[in-house]
Amino acid sequence: MIKLEHLTKRYHETLAVDDLDFEVQPGVITGFLGPNGSGKSTTMRIILGLDHPTKGRATIKGKRYGELRAPLHEVGALLDAKAIHPGRSARNHLRALATSNRIPFSRVDDVLEFAGITSVANKKVGNFSLGMSQRLGIAGALLGDPEVLLFDEPVNGLDPEGVRWIRDLFRSLANEGRTVFVSSHLMSEMAVTADQIIVIGRGRFITQGSIDALTATAKGTVFVRAANHARLTDALNTKGGVVSDVNDEGLSVSELTSDQIGQAAFDAGVAIYELTPQRASLEDVFMELTADAVEYGSSGVRHES
Amino acid sequence: MSRDVTLGSVVRSEWLKFRTVRSSISGVIVTFVLTIGLGALVTSLLRAHWSTTSPARRLTFDPVTTSLVGVIFAQFAIGVIGSLYLTSEYSSGSIRTTLAAVPNRVQLVSGKLIVLVTSLFVVSEVACFTTFLMGQAIFSGVVPTASLSNSTVLRAVIFAGLYLTLLSALAFSLGLILRQSAACISVFVSILLVLPLIIIFLPSSWQNDAMRFLPNEMGRAMTSVSPVANHFSALGSLITLLIYVVVLLGIGTTLMSRRDA
Numbered sequence: 001m002i003k004l005e006h007l008t009k010r011y012h013e014t015l016a017v018d019d020l021d022f023e024v025q026p027g028v029i030t031g032f033l034g035p036n037g038s039g040k041s042t043t044m045r046i047i048l049g050l051d052h053p054t055k056g057r058a059t060i061k062g063k064r065y066g067e068l069r070a071p072l073h074e075v076g077a078l079l080d081a082k083a084i085h086p087g088r089s090a091r092n093h094l095r096a097l098a099t100s101n102r103i104p105f106s107r108v109d110d111v112l113e114f115a116g117i118t119s120v121a122n123k124k125v126g127n128f129s130l131g132m133s134q135r136l137g138i139a140g141a142l143l144g145d146p147e148v149l150l151f152d153e154p155v156n157g158l159d160p161e162g163v164r165w166i167r168d169l170f171r172s173l174a175n176e177g178r179t180v181f182v183s184s185h186l187m188s189e190m191a192v193t194a195d196q197i198i199v200i201g202r203g204r205f206i207t208q209g210s211i212d213a214l215t216a217t218a219k220g221t222v223f224v225r226a227a228n229h230a231r232l233t234d235a236l237n238t239k240g241g242v243v244s245d246v247n248d249e250g251l252s253v254s255e256l257t258s259d260q261i262g263q264a265a266f267d268a269g270v271a272i273y274e275l276t277p278q279r280a281s282l283e284d285v286f287m288e289l290t291a292d293a294v295e296y297g298s299s300g301v302r303h304e305s
Numbered sequence: 001m002s003r004d005v006t007l008g009s010v011v012r013s014e015w016l017k018f019r020t021v022r023s024s025i026s027g028v029i030v031t032f033v034l035t036i037g038l039g040a041l042v043t044s045l046l047r048a049h050w051s052t053t054s055p056a057r058r059l060t061f062d063p064v065t066t067s068l069v070g071v072i073f074a075q076f077a078i079g080v081i082g083s084l085y086l087t088s089e090y091s092s093g094s095i096r097t098t099l100a101a102v103p104n105r106v107q108l109v110s111g112k113l114i115v116l117v118t119s120l121f122v123v124s125e126v127a128c129f130t131t132f133l134m135g136q137a138i139f140s141g142v143v144p145t146a147s148l149s150n151s152t153v154l155r156a157v158i159f160a161g162l163y164l165t166l167l168s169a170l171a172f173s174l175g176l177i178l179r180q181s182a183a184c185i186s187v188f189v190s191i192l193l194v195l196p197l198i199i200i201f202l203p204s205s206w207q208n209d210a211m212r213f214l215p216n217e218m219g220r221a222m223t224s225v226s227p228v229a230n231h232f233s234a235l236g237s238l239i240t241l242l243i244y245v246v247v248l249l250g251i252g253t254t255l256m257s258r259r260d261a
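Chains as they are written, first to last, in the working numbering: chain H, 1 to 305; chain V, 1 to 261.
Think of the hints as simulated: they come from the structure by calculation, not from any bench.
It cannot be assumed that every hint is accurate.
Okay, the calculated beta carbon distance ranges per label pair [what the hints assert, rightly or not]:
#, chain 1, residue 1, chain 2, residue 2, range
1, V, Ser-257, H, Met-1, 32 to 38 Å
2, V, Leu-255, H, Asp-109, 19 to 25 Å
3, V, Ser-257, H, Asn-127, 48 to 54 Å
4, V, Ser-204, H, His-12, 46 to 52 Å
5, V, Arg-19, H, Asp-109, 51 to 57 Å
6, V, Val-246, H, Glu-161, 51 to 57 Å
7, V, Arg-19, H, Glu-67, 27 to 33 Å
8, H, Glu-67, V, Val-247, 27 to 33 Å
9, V, Val-246, H, Thr-54, 43 to 49 Å
10, H, Gly-126, V, Val-194, 32 to 38 Å
11, H, Leu-130, V, Pro-196, 36 to 42 Å
12, V, Val-194, H, Thr-54, 36 to 42 Å
Just so you know, even glycine gets a beta-carbon here, dropped at the ideal spot from N, CA and C.
Chain H extracted, bound-state conformation (with noise of 0.2 Å):
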């Protein structure tokens, strides 16, 4: 389990990491969702005792990192899968890593063939495709056999095949009552590999539940076409509806149920043609959590004046 308590990083005048406070539960897959630049690789980094943080504190089963007497043993990481000395192979990578932590080689031979790159093993590092580095740091992620596996954006320069793979990994991990924390910037990615999710932006905290809590929550809209927009309009104004998007087609409709507009417009005297509820798609959502706290967005060129 993985608890962060107030976890917060300032570098020089930027809050990359501002007040985290969530438990990351075992036996499932979390999801920690955000823009780019939002804290999410800070926050892992902070976990894994390589930042220190400003305030607060990160802690494994109740234990900050630095505090673990042999770490692969109990936590197991893949933050950034190029970064891995390119001139040692793959094997005495892992050999290397596995010998700090009295792990036995056997058990690196297990994980490059679990993670398909047994036929790889003596090549040079340096040579690696992005798939191929994401699959080696994925095999150190699991050499000490641990109970906590964090992985940052895992799926990056992955094929297909690559990506189902891991996201089968990441279900059976979880099925044998281990911490999975996976973060990502695709919140279509999300929604079918993390059964619960935390959303972050610029560092601050902005949800916590599951992907269906999560689209419930968002503002679905009604598309209506009636027989006048005009004075249909005017009575969902005065139910407190919100109608934007007039033009001949409809009228899209929020604040108000697809009920509350069918009984508006029996009222009003006008027949309704269409009435269709817009569910929120998940990357709607997402935008909608996330638009106040997009670091680097594309809302045009600003000029100095």
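Assemble chain V onto chain H, guided by the hints.
Below, chain V without anything else, positioned relative to chain H:
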């Protein structure tokens, strides 16, 4: 518990890393080639021209220092090995994987240092004794030679290897502080080559006082059979250089513990 990370397991892991990258292996080979190869070249040339060498030069001739001439060049190869040993982990980003496996910074630095110093001590001493013995064999019969049975000569050869070993630890400490390969190698080379040039511009009374504090001059004092004027003794130079290394290591380890990886 038997699976805990210990200094021993860190040393074994770092030794595996040290011998499985090309930069350290080729660095060791270059060290041998420079020390022994240049020694052979210079001693052979001296032997060939001995008959025409002036009496004044013959008088000041030192067969020990001459046979160890390659050390002056090997020190740069040693510096590169010591620098890259840590800075390559920062440039590749693998330092994060390393620290995830060994979170205790002091333990990691100690393990790395033990591997570096032990292996380069062996390499340096083998290179220095080889070039010394080879040089004397080349001189033999024509040029005056020195023997290891003379304790001062033995000390000079052993200290030549120790000088190189300490320089590797100095470069490693600079790596801890600077973290970038290019910066680390530049500073190392500047200490050995640029600082002596700056000293030249000082008033001559200062020069004599300042000279002895330069690492390269300490190397001179350590490998010389007779005491060098205005320098620390051989042992004094060894101790002073050791103090430099310990201080820089202390600063480097403290910085590494405090900084984000």
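Hints, verified against the model:
1. V/Ser-257 with H/Met-1: 32 to 38 Å: violated, 27 Å
2. V/Leu-255 with H/Asp-109: 19 to 25 Å: Taking Cβ atoms as reference, V/Leu-255 and H/Asp-109 lie about 38 Å apart, which means the hint is violated.
3. V/Ser-257 with H/Asn-127: 48 to 54 Å: For H/Asn-127 against V/Ser-257, whose Cβ atoms are near 35 Å apart, the range 48 to 54 Å is violated.
4. V/Ser-204 with H/His-12: 46 to 52 Å: Given range 46 to 52 Å: holds, Cβ gap about 47 Å.
5. V/Arg-19 with H/Asp-109: 51 to 57 Å: violated, 20 Å
6. V/Val-246 with H/Glu-161: 51 to 57 Å: holds, 54 Å
7. V/Arg-19 with H/Glu-67: 27 to 33 Å: holds, 31 Å
8. H/Glu-67 with V/Val-247: 27 to 33 Å: holds, 29 Å
9. V/Val-246 with H/Thr-54: 43 to 49 Å: Check failed, 32 Å falls outside 43 to 49 Å.
10. H/Gly-126 with V/Val-194: 32 to 38 Å: holds, 33 Å
11. H/Leu-130 with V/Pro-196: 36 to 42 Å: The hint (36 to 42 Å, Cβ to Cβ) is violated, given that H/Leu-130 and V/Pro-196 are roughly 47 Å apart.
12. V/Val-194 with H/Thr-54: 36 to 42 Å: With Cβ atoms ~39 Å apart, the hint holds.
In summary, the numbered hints that this structure violates are 1, 2, 3, 5, 9 and 11.
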